[in-house]
Amino acid sequence: MRPMSAKAKTPSVGARPLASATAGRTGQAVGSLLQRLFPTTSATGRALRLAGLTAGVTGSYVGYIAQRLFLGEEWGGKKRRSTHAKAGRAIRDELQLLRGPIMKLGQALSLHTDIVPEEMLAELTKLQMEAPGMHPSLALAQFKASVGRSPEQVFQRFDAEPFAAASLGQVHRAVMRDGRCAAVKIQYPGIRAAIENDFRWIRNITLPAQASGHLPKKVLDEMESQIVAETDYVREADHIEFFKSALKPLEFVVVPDVYRDCSTDRVLTMSVVAGQHLDAFLAKHPSQRLRDLVGSRLLELFTFQLLMLEVLHADPHWGNYLFNDDGTIGLIDFGCVKRFGSDFVGSLRKGFLYPGRFDSPEFQRIVQEQFGGPGQTLTPGAQRALADFALRFYRKVYPPDPKDAERAFDFSDPDFLRDFLRAAGKLTRARPGANPEYVFMVRAEVGLYTTLHRLKARVHTSAIVRRLLTESRKEHRAS
Amino acid sequence: MSRHSSPVAGRRAKNKKTTKARIVAAALALFQVKGFDATTTKAIARKARVAEGTVFNYFPTKEDIALHFLEQEVEHAMATVRANKRLRKAPIEEKLFALIETQLEFLAPHERFIGAAFVHALRPGSKLGIFSPSAQELQYRYLAFVQELVDDAVRRGELSGAGWWTPHVFWIFYLGILLYWLHDSSPGKQQTLAFLDRSLKIGVTVLGQI
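Heads up: the sequence lines are chains A and B, in that order. With the first letter of the first sequence counted as 1, position 392 gets the number 392 in our numbering; the numbers rise by one all the way through. With the first letter of the second sequence counted as 1, position 41 gets the number 41 in our numbering; the numbers rise by one all the way through.
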């Protein structure tokens, strides 16, 4: 659920072309998107433009991390600011028209603060906040078609104008018959079919990248099943109820209640969660103490979910959190829940705060488990890249020595995120295997660290992780 | 006191209206279950609990019943859009969306019959066909309303490229939507909603840029 600008923006042309025209138009859009993204005349730029509609497109999700990270250096100082802002706006408009997974590409891009310049980032960030809206007549029709009764028959009051946008729909305020306030999320009609069409197209267009192994089929399958699953609101309601109960130990987390009798697979009625999105929260200049508190809690929430529950509530981009002045954090949007395999989390438990040398055989075994996947042996290059990644990033952010437990890591450091993304870039170029869980994990971490960076939070990273590691190991052994 | 305003005449007119409504309801129920072609006037009379001759008094043919229903549908949709205060300030694509959506909602319980009526209308000489005077009268009433909406949009600067032909194009578009809706098997016919929304936005954008 993301706040909308005062008025839901209606796109200037059809939100999405008719099915028959989808591929052509989407292709063109992505082509021009790439040209705007990389308007350079340098060799890399030309190569990328040549890649155009084929390999370049693999950038949408995973390939983006894999193929574009090295561009970070090239951007520095070369481009004029206005060009960035203009390109950002154009990309945002283009992506908003396309919806579906391509819009998610925009959201993914907006998390890459090192590659995407500030001005462009500002425009892309809006994508998370301002998805194109359904006009009230369409939202009402979709509600009625799905619930079987009109909102007037179901609620005491229903606001026909949406107050927030979700990537697959929009959210309306309502008052239940018994007076409780509710948020009603209504899905854009036909979104599931649209996503399936888009993926058919993405699969065709990425055949070269699939053949070369840059974009393995299982990664695409994982992406598709994740995004398609997000269209089922009954599943999302199940997730909300799971997290409501599972996150009880974290008292600072607020999870909404689901009102099942007014919910379907395309309409989700929930209690209203209080709080502000990151931009609004930061605009009020919260104290350093509050930013530290919220940042620490975000890391605790992330690590708790990962190690104790072996599941993440969503892509942790800041659109999925609501922040409050009392330090509580509201969770919204449970569409993209990711469950990790116990083996994967087991290897994470071993790798977190690993105190030894990263070139030791023990660490190599851990990374082999984590990234290699069954029957896939990591190359020495990939091993080296992983060791380098761990040394440059994790050891810095999560110092393993208990003596450092009192030292807080300062996420405002502009270099740390750049280092993280660069190291991740090197790592992905070394292709240590494409375990889909790892792909999701990297996406999740990028989201978390970007949010912490924007919060400029100082967090006792190792202390939080160590406590949860101990608890989770205990629980793991007990089970 | 005039003849029409007498209580007896008033009662008679009311009875006539009730009988007519009963015949239409009986016919629609049978069209939906048995199909338009297979339904006989005799069966309609039996279901409506009236003499077969009475049915003919009101509706000379089955097509007249269908036409009467379509007239109700169009009147209902136009009245709904007119009565919706919120829509007055809405952009033209939303008004047109609401118009068609209200029509489809009215037609939804009679989908099978509408499918048959659609095919029937394509037969030369059919009273439902576009060249039949009675169907044309209804069509013009509908298009006049669309023209009203379009004129308003032109005044507001939304549709600079619209012309006298716009409602006619819209009519063809409506028939296309109806056909799409009839074949839409998605839950809640949401594909039709999406198709309607997207195509209207494209159409309005094109007409706004000419």
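Calculated directly from the structure, the hints in this document are not laboratory data. Since the model is a prediction, treat every value here as computed from it, not as a measurement. Just so it is clear, CB atoms sit at the ideal spot from N, CA and C, and this is done for glycine as well. Treat the hints with care, since some could be wrong.
[What the hints assert, rightly or not] Taking lysine-lysine pairs in the DSS-like style, the calculated list, with each CA pair at most 30 Å apart, reads:
#	chain 1	residue 1	chain 2	residue 2
1	A	338	A	350
2	A	456	A	403
3	B	89	A	144
4	B	34	A	144
5	A	338	A	403
6	B	127	A	144
7	A	403	A	244
8	A	474	A	248
9	A	218	A	403
[Stated by the list, open to error] Away from chain A, derived, C-beta distances all over 10 Å, residues of chain B:
#	residue
10	15
11	28
12	182
13	191
Outcome of the hint check:
no. : hint               : in the structure
1   : 338(A) with 350(A) : holds (21 Å)
2   : 456(A) with 403(A) : holds (24 Å)
3   : 89(B) with 144(A)  : holds (23 Å)
4   : 34(B) with 144(A)  : holds (28 Å)
5   : 338(A) with 403(A) : violated (34 Å)
6   : 127(B) with 144(A) : violated (34 Å)
7   : 403(A) with 244(A) : violated (36 Å)
8   : 474(A) with 248(A) : holds (19 Å)
9   : 218(A) with 403(A) : violated (42 Å)
10  : 15                 : holds (33 Å)
11  : 28                 : holds (21 Å)
12  : 182                : holds (16 Å)
13  : 191                : violated (5 Å)
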